[in-house]
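A.B. asks: Note that the protein sequences, when read in sequence, are chains A and B. Going by this note's numbering, the first sequence opens with residue 1155, and the numbers climb by one from there. Going by this note's numbering, the second sequence opens with residue 297, and the numbers climb by one from there.
Keep in mind that a hint or two might mislead.
[As the list claims (entries may be wrong)] Covered stretches of chain A (chain B as the covering partner; in silico rule of three or more C-beta atoms under 8 angstroms from a C-beta of chain B):
# : stretch
1 : 1319-1333
2 : 1480-1492
[As the list claims (entries may be wrong)] Examples of chain B residues toward chain A, derived with CB under 10 angstroms:
#  : residue
3  : Tyr406
4  : Asp487
5  : Ile490
6  : Ile493
7  : Tyr514
8  : Ala525
9  : Ala528
10 : Pro699
11 : Gly703
12 : Arg705
Since the hints were made in silico from the structure, they are not lab data. Quick reminder that beta carbons are idealized off the backbone N, C-alpha and C, glycines included.
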Amino acid sequence: MIEKRLGLIVNPIAGIGGRVGLKGSDGAEIQKKALELGAVPQSPTRAIQALERIKSMKGVLEIITYPGEMGEDAARACGFEPTVIGSIKQGETTPEDTRIAAQEMVGLKVDLLLFAGGDGTARDIYSAIGEGIPVLGIPAGVKIHSAVFATNPISAGDLAMLYLRGRVSSLREAEVMDIDEEAFRQDIVSAKLYGYLKIPFRRRLVQSLKVASSPGEKASSEAIACDIVDRVGDECLYIIGPGTTTRAITSKLGLNKTLVGVDVVFQGKLVATDVNESQLLRLLEGRKVKIIVTPIGGQGCIFGRGNQQISPEVIKRVGKDNIIVVSTPEKINSLGGRPLWVDTGDRAVDRMLSGYMRVVTGYNEQVICKVSC
Amino acid sequence: MSQVITRQRSTDGKPKLRRFHQARWDEPIIFELSREGQRGILVPQVEDEIRNEVGDVLATLPETMRRKQPPKLPELSQPQVLRHYVRLSQETLGTDLNIDVGQGTCTMKYSPKVNDQLARMLEMTELHPLQDEETVQGILEVMYRFEQILKEISGLDRFSLQPGAGSAAIYTNASIIRAYHESRGEAGQRDEIITTIFSHPSNAACAKTAGFKIIALYPDEDGYPDLEALKAAVSERTAGLLITNPEDTGLFNPKIEEFVSVVHEAGGLCAYDQANANGILGITRAREAGFDLCHFNLHKTFSSPHGCGGPAVGAVGVTQELARFLPVPVIEFDGSKYHLNYDRPESIGKIGPFYGVAPVVLRAYAWVMSLGAEGLREVAEIAVLNNNYLLKKMLEIPGVSAPYAKGKRRIEQVRYSWEGLTKETGVHSEEIGLRAADFGVHYWTSHHPFIVPEPCTVEPTESYSKDELDEYAAILAHVAEEARTNPELVKTAPHNSTIHTIDHTPLDDPSQWAMTWRAYLRKVRKEAR
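Chain A on its own, in the form it takes in the complex (with noise of 0.2 angstroms):
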């Protein structure tokens, strides 16, 4: 008897480029450079590993999946009979091919997707599906910078069968984050929020992931909201960072905030949206300006990574004592002690914001946590 469906979507060439030092494996000169540097795809032994973990489902579960190398394999390797959707060209799939079975196994309804890729697949299924079902990412490509992932192919296996098996009910909005990877082999680093996936949720479980979250933290994102909603006022201009938890922030202010842009307030209402650094410089002119941050995706980076727009020039004009960090108590337990930082790009700017800060964690909580640089 089927009980539960599961998508299963492997980004074959996911990984390909990191053991020979191509930092990513975007684009099919890349790819093409990485064989040729005698690369071992490693998505699919990673797929394996996690599918081994949900194998007691055998009978009760079925797995839908695109041909061969992008899922067929794996499934297969585990003693499964998935059934096989969809074409591609064997040894030359394409984003689109991910993006295409995404989609389909939406349409077919199945209750998971559980994907095995890296950054760049997470963008591609976002990109196809947004929310429109939970996903689950069995880290496997060169950048994890999202936090749709689990620590490991394990780890991923064991949610994804407490999640099928109804042991876990739970779902949470995590970040699909990407850098640059033209950019990230000059060794510049720039990260941006592309949205999120929705993801299964279980505490033991979700300790160990990249970011730790929980419906705890759903409500604790709602108190941090809270505290700084009371303490707005209206003689400030509000520059209000990307993420879920000050998202939480311009919900309870009745705003519409953009999930990944910079946003400004003022006087209640949300005067410009998805702003660059020289709209904020001209909107901050002659005005007393607050910033209001948070960590992201449990890097525990506060500047210089997806808010580029709050330049060192914005932050230096704003001033450290008018910044208020917020974060959940899980995202900063997730740093496993390492301090937050900051990479503005301007070491000076860099120095001031070092040190301690307050961190707002919930209703009339804060934590003082370490700053650096």
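Chain A is fixed; fit chain B onto it per the hints.
C.D. replies: What follows is chain B alone, placed relative to chain A:
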């Protein structure tokens, strides 16, 4: 799979772990057992003669105070109620049943039964809190004398035994701190309480309930409270510091005096959370570290049964300067008589009903008197020795670590981490605990959210023998070995114990959690009230 489990049940004698199997009743909630019309006692009808004489007994009760509907209590017969609770008792791993060292921070020590017998004496149970003081001199003397004992143990000058819990004591301390600042005209300005992330979580929770903003400090690289972070935190808004020492990691803060002086210099007061003083009795005192306030949990350190096992007292101690703010009543002795003094204009007021929880004080008094001063110190010494013996045994288990302060000894407990084992096997700390239940022992991870990854908190107290500590360590070593050889067995545990695993998510979600039957009907079953 089931064959493997059956085989594991006997444990094959390797290691020599006991064969344990718990009762499993799948007992419903008492409200679900209710059937309309079932009764435990049929109250006899009033005889006509009496009815005629008395008339309608409810007539004197104002209409507005009468219920329109009878209360929705469960309807059951006496034997049904009896069976229900006996079954529930068989489905728990209580402290009288297991080697209860796995409930770290809770000090699950043995509470001598003779003290329970004292508390159950008619002289105690038949006391009425509204009796004239003249007629309750005995219990007032016990409470007065116990206050003198606590003064000696802490070095502070005056105590209140009013608060009915550790959290109530912390709330009391926070209220006293506010009253102090009020008396100096600074209450509006000083609205921040500082604590540490490894302090007892009630410090943050109760001070917040008392209306303060909470600033928590994370530990430094060595796991000690970060003094530099404290310096960054204090200001003219600092009302006080509420801190536990040793912290939940079992580490004693060696800079505690500096912590106190930094806060004093900023104009704040310092309260020492000694809910669990089991490792420091007779060794360190709040006074010598410069604290202004402290509290003890009589139901932890002082051996009275704890938590759901019995009622509680959080005894609050203060310096002479703060004594005027203590809750009412305090117990005074004029040389011949004891009396309850309510005439204290600067008091924060009433914090518990009547005298507080008198039987708990009686048990604690009996416990201290049976040990004497040297005995109290010996309690601490054995508790610390036991803990460090178990620390060594635990660290011999591959995959276990004791984060922070590597190589340092701990005081009365340790927060361990199974992170190494989890990375190797995919088995998590909670699952190890569920499997440990198959061998008849209780196990606890940590407060949430976890700061130590894959945590496990063990506190042996002075009550357990070396053999018992060896048995506990052997059980965890065995489970860790199973995690390597047969992770599925551990991940599907418990097998010999009562309860299957449950989804914890509703516990974290206000829209789903249900503390009462009525809340359950409304939130979970979506039934109208």
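A.B. asks: It remains to establish, for every hint, whether it holds in the given structure.
C.D. replies: Right, here's what the structure says about each hint:
no.	hint	verdict
1	1319-1333	holds (count 4)
2	1480-1492	holds (count 6)
3	Tyr406	violated (32 angstroms)
4	Asp487	holds (9 angstroms)
5	Ile490	holds (9 angstroms)
6	Ile493	holds (7 angstroms)
7	Tyr514	holds (6 angstroms)
8	Ala525	holds (4 angstroms)
9	Ala528	holds (4 angstroms)
10	Pro699	holds (9 angstroms)
11	Gly703	violated (18 angstroms)
12	Arg705	violated (21 angstroms)
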